[in-house]
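Same order as they appear, the protein sequences are chains A and B.
In short: position in the first sequence from 1, add 1154, done, that's our numbering.
In short: position in the second sequence from 1, add 941, done, that's our numbering.
Treat the hints with caution; some may be incorrect.
[Unchecked claim] Below, simulated PhoX-like cross-link-like pairs (lysine-lysine); rule was C-alpha separation at most 25 Å, straight line: (1) Lys1158(B) with Lys1196(A); (2) Lys1130(B) with Lys945(B); (3) Lys1160(A) with Lys945(B).
[To be verified] Examples of chain A residues lying across from chain B (beta carbon under 8 Å, computed): (4) Gln1211; (5) Glu1219; (6) Ser1220; (7) Ser1222; (8) Glu1226.
Read the hints as simulated data drawn from the structure, not as lab findings.
All C-beta atoms, glycine included, are put in the ideal place defined by N, C-alpha and C.
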Amino acid sequence: MIELKKVTDCILNTVEEFNKQASEDQQLERSVDTPLFGRESKLDSLGLVNFIVAAEQQILETFEESVSLADEKALSQKNSPFKTVSSLAQYAYELLKESE
Amino acid sequence: MKEKSIVLITGTRKGIGRYLAEYYVKKGMQVIGCSRSQSDFQHENYEHFCLDIANEAEIRKMFSVIFKKHKKLDVLINNAGVASMNHSLLTPIKTVHKLVNTNFIGTFLMCREAAKLMKIKNTGRIVNFVTVAIPLHLDGEAVYAATKASVVSLTQILSREFASFGITVNAIGPTPVETDLIRSVPKDKIDKLINRQAIKRFGEMEDISNVIDFFIKPESNFITSQIIYLGGIS
């Protein structure tokens, strides 16, 4: 059974993995409130792509499920799920629940 | 002991795909094949998935299984394709959708999902299939050639997007090979086409595996974004 906490930990682990390869100005804080998208985010557009791909990979390795975080649903949502670590975790949790 | 390479080939039920599945199994690789219907090829180093390569959910499910079982993917050969030889004025829209779905969307989805798995090991080889109908501008093949031309663009751009992950993306454009794909094409059309090649003969299966072998070998890590047409067509 998928738990939101486990998905959140997974996205937080993504932050750590991402930081290992990211440039100094794109280092992210390991927190659920860290902004990923929008003015407050440290990520540029390519940085966001890399982060989302890293998150998909982390989800695959943790839950053995291939999810596409950047699907149409995500791109059309008023409040983008990429806004913060916690909103992304919530969105990934919903996708994983759907494929359960 | 060296880890076995995992090769995913689309359209393995018959024709070139079937040949490639048997060829790479014989070379000691673990081959994963897929097609719309069941394959009668059975081997301990061959696994088959029944799916439509344009169906995103089915594709994702297959990649989840591949990850669970093998934890990696080394090579993707996007062989699956459908052809339709018809004057554009007599081409139904249903045919156009079918060709776009399989030849372009299917190839794109496979590349995208494969790259996610390949990225884990920071290495991978993708080989797409295009056609000599693109450089030869063959009349009667407008839709087929256009869908395959989109695969040329896809190959060249993905090669740049995936380069930092250690993944190369190349394509092969075979000349006519005697398979089901060209069975419905009139003989005089095929003869005319072969006459436009520098080397005037049908392509053989070995001509195709030879180019793919070159693309996928470890030493080819500096070869990407290339389209190789057989028979001296350019």
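Hints, verified against the model:
With a CA separation close to 39 Å, the supplied pair Lys1158(B) and Lys1196(A) exceeds the 25 Å bound. Among the hinted pairs, Lys1130(B) with Lys945(B) is inconsistent with the structure: their alpha-carbon atoms are about 43 Å apart, more than 25 Å. Our distance criterion of 25 Å between C-alpha atoms is broken by Lys1160(A) and Lys945(B), whose separation comes to about 33 Å. Taken as an interface hint, Gln1211(A) checks out: its beta carbon lies about 6 Å from the nearest beta carbon of chain B, inside 8 Å.
The beta carbon of Glu1219(A) is positioned within 8 Å of a beta carbon in chain B (closest approach about 6 Å), and the interface hint is therefore held. A least Cβ separation of about 4 Å between Ser1220(A) and chain B falls short of the 8 Å threshold, and the interface hint therefore holds. Here the hint on Ser1222(A) is kept, as its CB sits about 7 Å from the closest CB of chain B, short of 8 Å. For Glu1226(A), the suggested interface contact is broken, since its CB lies about 11 Å from the closest CB of chain B, more than 8 Å.
Taken one by one, the earlier hints fail for this structure at numbers 1, 2, 3, 8, listed in ascending order.
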